[in-house]
Amino acid sequence: MEFQISSKAKKTIFGAIAVGLISVIIGVVVHIDDEQFKTRILSNLLIDGFYFFAIALGALFFLALQYATETGWSVAIKRVVEGVASYVYVGIAVLLALFAFLTLTKGGYTEVDGHHLGHIYSWMDPQIVEHDTIIANKAPFLTKPFFWVVTALYFAVYILFYRGFRKRSLQEDVEGGTKIHYKNYVKGALFLVLFGYFSSTSSWHWLMSIDAHWFSTLFGWYVFGGMWCTSMTTIMLVLLYLKKHGYLQQVNDSHIHDVGKWIFATSFLWSYLFFSQFMLYWYANIPEEVIYFDFRIENYKFTYWAMFMVNFIVPMVVLMSREAKRNTGILAVVCLIILLGHWTDVYMLITPGTMGEFGCIGFIEVGFLLLFAGVFTFFILNTLTKAPLMPKNHPYLDESKHHEI
Amino acid sequence: MADRVIYATYDDDETLKNSARKLVSGGVHISDVFSPFPVHGIDPIIGVKHTRLGIVAFMLGLTGLMLAVVGFKYIMIDDWPMNIGGKPNFSLMENFPAFVPISFEFTVLFAAHGMAIIYLLRNKTLPGMPADNPYPRTTDDRFVMEIRLSENHGLSASEIHSKIKETSVIEIEEKDYVVIK
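In the order they appear, the protein sequences are chains L and G. The opening position of the first sequence corresponds to residue 751 in this note's numbering, with each subsequent residue numbered one higher. The opening position of the second sequence corresponds to residue 105 in this note's numbering, with each subsequent residue numbered one higher.
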């Protein structure tokens, strides 16, 4: 109601979408005859579909975390977190469409000389599973019915909880009191329990199953670490944007500092999990396990290590000091670097498994990224226009307005 | 002449903060405040600078990290290369993943312990050191401001006294400043 998307912002967003579209079209025209063309398009849909969905999901998780821990300081930025989380609708729609397509086309393979190659999910192809006892032995987990039952369950739970949190948040503005607060507390705790399982198992189904022979028990946490980090980064960018344009006056340096701390901490969490996973396989050095990393280091050496180094070292060195976490310019630059770094992380999770050694970042990748980023930003800002940016009647609102660290 | 000091006692943290604000705006420099618990927001009022403990922690962490690198480079690579599970052991880079945990541990160990020890040293609160609060009841329910005359050149003792009396003070005492430690 108070926040309106400025015409300049609209122009920038639609400009980004247009540039993205043109870039995709150029990519399509250039690469349409490639053998990997279909795989490449599907991989990109999965990369960007998952990447932006994960940002929204991470924000939903953060919202539930704030409710379950009855946190006071974050009340003033609550609407921004809700705004970022609202993209779960679009994210789920994109992933559902993609999964449906992949299921119907048996994993999205391309037929070359009678061979099925370039699957996204090779375990969806009966021709492959027939001759592959490793995949066949993962039967109840890696089958289409099981995949769909749990995927529908995850999505239903995410949407249900998002709607509930949002509804009660707006209701609280009108009613006040502590009843809604305690209800949010219970629902937040419940969501954390469900999310604890779902974040792991969904990433096994959606991402880890691309390399169907390989498995890692840390994989879910690793994906979750990246998800949380990108969410905090996005929340920070939206906050900086709103503050720069004169909204959210009551969000002070201390709030920004605290979100900055989250970015710093979750970057460490992600790096820690990356290394924990890597080192265990490196140390054990069992051929069928270590092939996953060998392949990436052999074919994507620069992207792989640069991605890790940027995502680890940039936030660590730059955001270490107190002043940096309160400086708008430094934060904005670091946030953009982190977002690109973690996009590359999702790229590295998916592309080597689907495209093999043929993966590269070109017009199609950049185009899809811009396209999705534009839609994502517009959707978030649009949600922010629908409710006052500062909640009313939250029991901890006064505490949050006087937040000082 | 020895330095004189005025101790103004209050019985509530909010009163203390309001009084401090009033005194500071009246040009009085408050040297220190003694309280039974940390009073939030008092630091900027009396002009205490932000702690430099973070910088100390960073330097200590760096020391720990360097010590770890020097240590495992010499012990595990140079002096007596150890073959553990067939891992490459003739160059630091090839074997680096194995040494990341110990680098991390040393960094944390040095930063955490060093920070605690330096904090206690700087505050002169190592175990066994004499207490330097001027007024034992600041460990119970009283809040005391310390105003040294040597740091308030512009104001005379009587002026400061009258300014303090305008606030909701409970007790004022002026005496020679004694450095306890």
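Derived from the structure by calculation, the hints contain no laboratory data. It is possible that some hints are incorrect.
Sample of chain L residues lacking proximity to chain G, with all beta carbon distances greater than 12 Å (derived) [to be verified]:
1. GLU785
2. ASP875
3. ARG1072
4. HIS1152
Distance condition first, Cα-Cα at most 25 Å in a straight line; then the derived DMTMM-like pairs of lysine to aspartate or glutamate [stated by the list, open to error]:
5. L:LYS1151 with G:ASP117
6. G:LYS153 with L:ASP1008
7. L:LYS1151 with L:ASP1003
Chain G residues, not near chain L, derived (Cβ > 10 Å throughout) [said to hold, decoys possible]:
8. HIS133
9. VAL204
10. ASP244
11. ILE276
12. VAL283
Each residue gets a CB set at the ideal place from its N, CA and C atoms; glycine is no exception.
Does the structure break any of the earlier hints, and which numbers would those be? Numbers 3, 4 and 9, in rising order.
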